[in-house]
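Q: Sequence:
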Amino acid sequence: MSDNLSQQSLFKTSQLEEADADPRNPSDNPTMGEIISRRFSRRGFLRGSLAVSAIAATVSPLALMSAGDARAASGSAFSFKEVEAGVDAHHHVAEGYDADVLLRWGDRLFADAPEFDPTKQSAEVQARQFGYNNDYVGYIAIDGSPEHGLLVVNHEYTNPHLMFPGLVKIVDGKVEQAPLSKEQVDIEMAAHGGTIVEIRKQDGKWQPVLDGAKNRRITSNTEMVLSGPVAGHDRVKTNADPSGTRVFGTINNCAGGVTPWGTYIMAEENIHGYFIGELPEGHAEAANYKRMGIPEGSYEWGRFYDRFDVSKEPNEPNRFGWIVEVDVSDPNSVPKKRTALGRFKHEGAESIVSKDGRVVFYLGDDERFDYVYKFVTAGKFNPDDRAANMDLLDEGTLHVAKFHEDGKVEWMPLVFGQGPLTEQNGFKSQADVLIETRRAGDLLGATKMDRPEDVQPNPVNGRVYVMLTNNTKRKDDQVDAANPRAKNAFGHIIEIEEDGQDFAATTGKWEVLLKCGDPSIAEVGASFSTDTTRNGWFGMPDNAAVDSAGRLWVATDGNSNKDTGRTDGLWAVDTEGDARATSKLFYRVPVGAEMCGP
Numbered sequence: 001m002s003d004n005l006s007q008q009s010l011f012k013t014s015q016l017e018e019a020d021a022d023p024r025n026p027s028d029n030p031t032m033g034e035i036i037s038r039r040f041s042r043r044g045f046l047r048g049s050l051a052v053s054a055i056a057a058t059v060s061p062l063a064l065m066s067a068g069d070a071r072a073a074s075g076s077a078f079s080f081k082e083v084e085a086g087v088d089a090h091h092h093v094a095e096g097y098d099a100d101v102l103l104r105w106g107d108r109l110f111a112d113a114p115e116f117d118p119t120k121q122s123a124e125v126q127a128r129q130f131g132y133n134n135d136y137v138g139y140i141a142i143d144g145s146p147e148h149g150l151l152v153v154n155h156e157y158t159n160p161h162l163m164f165p166g167l168v169k170i171v172d173g174k175v176e177q178a179p180l181s182k183e184q185v186d187i188e189m190a191a192h193g194g195t196i197v198e199i200r201k202q203d204g205k206w207q208p209v210l211d212g213a214k215n216r217r218i219t220s221n222t223e224m225v226l227s228g229p230v231a232g233h234d235r236v237k238t239n240a241d242p243s244g245t246r247v248f249g250t251i252n253n254c255a256g257g258v259t260p261w262g263t264y265i266m267a268e269e270n271i272h273g274y275f276i277g278e279l280p281e282g283h284a285e286a287a288n289y290k291r292m293g294i295p296e297g298s299y300e301w302g303r304f305y306d307r308f309d310v311s312k313e314p315n316e317p318n319r320f321g322w323i324v325e326v327d328v329s330d331p332n333s334v335p336k337k338r339t340a341l342g343r344f345k346h347e348g349a350e351s352i353v354s355k356d357g358r359v360v361f362y363l364g365d366d367e368r369f370d371y372v373y374k375f376v377t378a379g380k381f382n383p384d385d386r387a388a389n390m391d392l393l394d395e396g397t398l399h400v401a402k403f404h405e406d407g408k409v410e411w412m413p414l415v416f417g418q419g420p421l422t423e424q425n426g427f428k429s430q431a432d433v434l435i436e437t438r439r440a441g442d443l444l445g446a447t448k449m450d451r452p453e454d455v456q457p458n459p460v461n462g463r464v465y466v467m468l469t470n471n472t473k474r475k476d477d478q479v480d481a482a483n484p485r486a487k488n489a490f491g492h493i494i495e496i497e498e499d500g501q502d503f504a505a506t507t508g509k510w511e512v513l514l515k516c517g518d519p520s521i522a523e524v525g526a527s528f529s530t531d532t533t534r535n536g537w538f539g540m541p542d543n544a545a546v547d548s549a550g551r552l553w554v555a556t557d558g559n560s561n562k563d564t565g566r567t568d569g570l571w572a573v574d575t576e577g578d579a580r581a582t583s584k585l586f587y588r589v590p591v592g593a594e595m596c597g598p
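Residues in the sequence shown are numbered consecutively from 1, following full-length UniProt numbering.
Among the clues, some could well be false.
Derived DSBU-like pairs: lysine-lysine, alpha-carbon spacing no greater than 30 Å straight-line [said to hold, decoys possible]:
#, residue 1, residue 2
1, Lys169, Lys182
2, Lys12, Lys473
3, Lys428, Lys380
The set of hints was computed from the structure by calculation and includes no laboratory data.
Could you build the full structure based on these sequences and the hints that come with them?
A: Here it is as structure tokens:
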């Protein structure tokens, strides 16, 4: 296959990664496109800005980048020579920088693991090797060192047609994929999850530390606990777990985060594709699962494991779609699914400490016409006592965003008994509100967004940035002269400034930083700075990070030769002064690859 698009047209698990293109929101809440349109007509062209969080020594790898470069003559914060946009099978990075392979699928993490051999795979071996298809990448310093730490990496999904030699054949001129064996399913399950691996910079190059004391694989079979308001609820009890507190594994881990106290966050996103079967007619979970697109059946796991067949274990899907927290300091620690942060298709969970010491997590639900959230802990962060922070995520308030056309943003609490979140609407407890977070947002009138990806707070300028990757389902009647794109194929970025620059505030204001796409094509309606070159524009913003100087870096997912004439990559975006909304291409990936992390 020449690229991801051709794979998606043939193979189910590749198609699943585009499943968030199918809107499942039945509410009549206003879309972000409608609100932007109204606001543009009232206030004219909106300004914006951009960024991401970096806290103490628990940061994105990009936060380690030097901030000592001199500013360019134009006022840009970035002085590197821009990479040429294009499409080929190679890595391209700005002059003066290196792009090296650190870890690959199957690389061993322990001395007793064998070297990777695609013809001799097993679940046991895969569980001792680096996983498949990376997404979130984070760095947690050891003893505060910028050159020695733990790399944490999510492994989002698998492509069995690429993993298993001989699985795909040409029959009568057609491509056919054979059913997976149980052994192959077990390998897939072991390739999902995450990797925690010690890395060290030696002679100017990063290297993994084989047999690092904290090296660990998290898989779809790792035992975890449900914590918070949903733990023990009847709707998460199964035949295998009548207590409703113990779960095996995590799946489809997209982005994530690192907490101020140095734990690793894994976000469960497209969980719907892992379930098969049908619920009995009239089952109480039918509407709940429909809102999440369950069951979708891209994976074959349910053929061998009852927990992935809703006809046999109808409550199992309620045990996925959560934020998972892992204590990386102890390789034997039990990961916790923190149910207080809601259940939906989590993109990530970036955090920052508010003015009064509470911790705020920003969350995106990555599906067309779904919502932006934030969670504010009830307790306060204690920088002097790590143990005191280890259960902060079990108590707090989840909020959903409503973007008003006058430029205000309102964070509405999802609390049982408040507003429409009552027994009259089918909620009997806070656990019900959290299990059906999407429906709670529908009832509160949250704003339908264009696939929220990373939602990043910036500790340097005090703002928050929402990556909206695209929405080709926006209808023609939602477009006018002020919002000229009949299908938002390339996405946009929104900036939020919370009232009082307090991240825990429940109100603030919003602006559009930029609309993505080729600015040389008028009908695209892109809005980069005029200083942005033909190499500097991009589409489909996905993840973002800021370095130690507060400069923004945006990673993309979905660019292709057909759609944008370029592969995905890492763009540097100015957020302040005259250079604001100017973007430069720093690094581009080989064709077919996603720029994961940062």
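Q: Now look at each hint and say whether the structure bears it out.
A: So, going through the hints one by one against the coordinates:
Using a Cα cut-off of 30 Å, the hinted pair Lys169 and Lys182 holds, with the two alpha carbons roughly 19 Å apart. Only pairs whose Cα atoms come within 30 Å are accepted, and Lys12 paired with Lys473 is accepted, the gap being roughly 21 Å. Of the supplied pair hints, the one linking Lys428 and Lys380 holds, its CA atoms being roughly 29 Å apart against a limit of 30 Å.
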